[in-house]
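**Student:** Following the hints, put chain U in place on chain B, whose structure we already have.
There are 2 protein chains.
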Amino acid sequence: MGGDLGPRVTIPATLEVAAQSPQLEFILVGDKSQLTSLLHSQSENTDVSRIKLVHAPVAVTMGDKPSHALRYKRDSSMWIAVEMVRSGAADACVSGGNTGALMAMGRHLLKTFPGIDRPAICKPVPTERGHSYLLDLGANINCQAQQLVQFSMMGAVLAASVDQNPNPSIGLLNIGEENTKGNDQIQLAAHLLSQWPQLNYTGYVEGDGIYSGIVDVVVCDGFVGNVALKVSEGVARFLTDRVEDIFNVGLYGRLVGRIARPLLRKWHTQFDPARYNGASFLGLRGTLIKSHGGADQRSFTYALRTAIEHVDKQIATCIHDQLATYQGCRRN
Amino acid sequence: MGGDLGPRVTIPATLEVAAQSPQLEFILVGDKSQLTSLLHSQSENTDVSRIKLVHAPVAVTMGDKPSHALRYKRDSSMWIAVEMVRSGAADACVSGGNTGALMAMGRHLLKTFPGIDRPAICKPVPTERGHSYLLDLGANINCQAQQLVQFSMMGAVLAASVDQNPNPSIGLLNIGEENTKGNDQIQLAAHLLSQWPQLNYTGYVEGDGIYSGIVDVVVCDGFVGNVALKVSEGVARFLTDRVEDIFNVGLYGRLVGRIARPLLRKWHTQFDPARYNGASFLGLRGTLIKSHGGADQRSFTYALRTAIEHVDKQIATCIHDQLATYQGCRRN
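Keeping their order, the protein sequence lines are chains B and U. Residue 1 is where the first sequence starts when you use the numbering used here, and the numbers rise one by one after that. Residue 1 is where the second sequence starts when you use the numbering used here, and the numbers rise one by one after that.
Extracted from the complex, chain B is given alone in its bound form (with noise of 0.2 Å):
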């Protein structure tokens, strides 16, 4: 239900992703007299014998508290969802809705594993080399160095699970290179990092770091992660924006924009925010993945594939076998 469109996007792309895996099974949790009509007036061409419909009486709204969701919207489609997971019944939960009260449901219902103190919310952004992670995106204002060493790791499991990549390599943002730089969090969770021989922490990484994908893993705390993910995509779409009125206006410009849409089209793809929806709880024992509340039903159905992969290669179980490494070493 959550989302600014709600089951008008996720119907459809469930449908969507529904016909591209036929192994899968799903579990729409909604108002169900509207969930039905919607999904018998999409559904024309698809088989919905795998899709079930759960009722849910109540929907969390954007503005509702997470502390206010947690207590009194125990009955709503949000609930419901997590719930499932809990219990065994859905392997994974994915939600537009809101955040806050996601993650309120997530951690009180899922938990998150010992040694994990909150979860840290992931994503991956686009890099000169491909894609790199940053993590925490907002979960966590505060954070303390441990913090920023449990992001560290799960970022590196994220980045070696779901990209093959034997031994990611961890940056921590900060305002400068040097060892002198940062504040105190930062410059101890560096000398933690250096101590857990498991993990290829490479020192410090500075904002533009991020986009030439320098490392695979890009740590801070959430405000900063919250801060640098939105001013990126606040100057992709200044940038985007600037390129289609110039191609907009005057006669010329218009030709040579008939002319250059194309191959504009194909540079919008390579950052194209909807390929980068799906962001992770991680540090939770089960798989929550939130997509934006803004997203049409082709981005919508890249936060259920990033759910299928979670789900696929066990990214909670491997963020609880790293964790013992960890623990190991530090009882050494």
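Please keep in mind that the hints were generated in silico from the structure rather than gathered at the bench. Here a beta-carbon is modelled for each residue, glycine too, at the ideal position from N, C-alpha and C. Please note that the accuracy of each hint is not assured.
Just a few of them, taken from the derived set where beta-carbon distance is under 8 Å, the chain U residues facing chain B [as the list claims (entries may be wrong)]:
1) Ile141
2) Tyr211
3) Ile246
4) Gln270
**Tutor:** The following block gives chain U in isolation, referenced to the frame of chain B:
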């Protein structure tokens, strides 16, 4: 002497601005023999009587720690140039050198106004509506609420004076627009700003809001501002490099590229980092402008013009005057 190319950039840039501004006098501080030969080889058609040379036996390097430069490099070109602003021998100092050392010398020699804890680094960034001012860009890693309030006022003075904007709007950079978002310092700063009637504080701004230009001044701590600025540079370079790529591949791509390139150049100038060169150290009792270390001649002329504008508009004095309105406000 500072920046990647030293006097090979600063001298021709000075000659260019000197030719355009016959009322100005320039003082070049550095290695006199090097400056003399470069100046005479490049000034064929320019009257150099308005350009004085002052010898400095040493230069601050990019690797010098600010504390080291402050203590041991009092015969450096940077120290001598800043000292000239203090003594009144110069109206402004422009440097492409070590930012931390320049800040340390600025604070030590020029001092901040009473009521300003530390200077803030401020730069204009291009937006959909023209440009906005972003500060702090790295001088203050951990900021108290009161400092964010000081930055807001100083950014507003800059926008009001330089852009003849009688009532510049101010936003605090945050990870959401709701009152509950952000850390304690930001929430307290928002409260304090709403109590300063001379300032047009409009609320929180998210990372992507910087580039839509919804406020004239965007305020944040120096860590976040530095990351935001460098992420912006990284994304812009990533996207412009990708445009070059698509117009350089294949016969068709190169053909279209030849037609589209003049328009793309126009696009590029809209966010051209060279045009936005020249960061101000606001809050000092004098004008100190930092040019990007990688600036070329054209770019360095913008830093020089920024300094001229600060002196013309008496930015430092305006900041001092505006501070008085706040202290008056606090007393009531």
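**Student:** Sort out which numbered hints this structure fails and list those numbers smallest first.
**Tutor:** Hint check: nothing fails, all pass.
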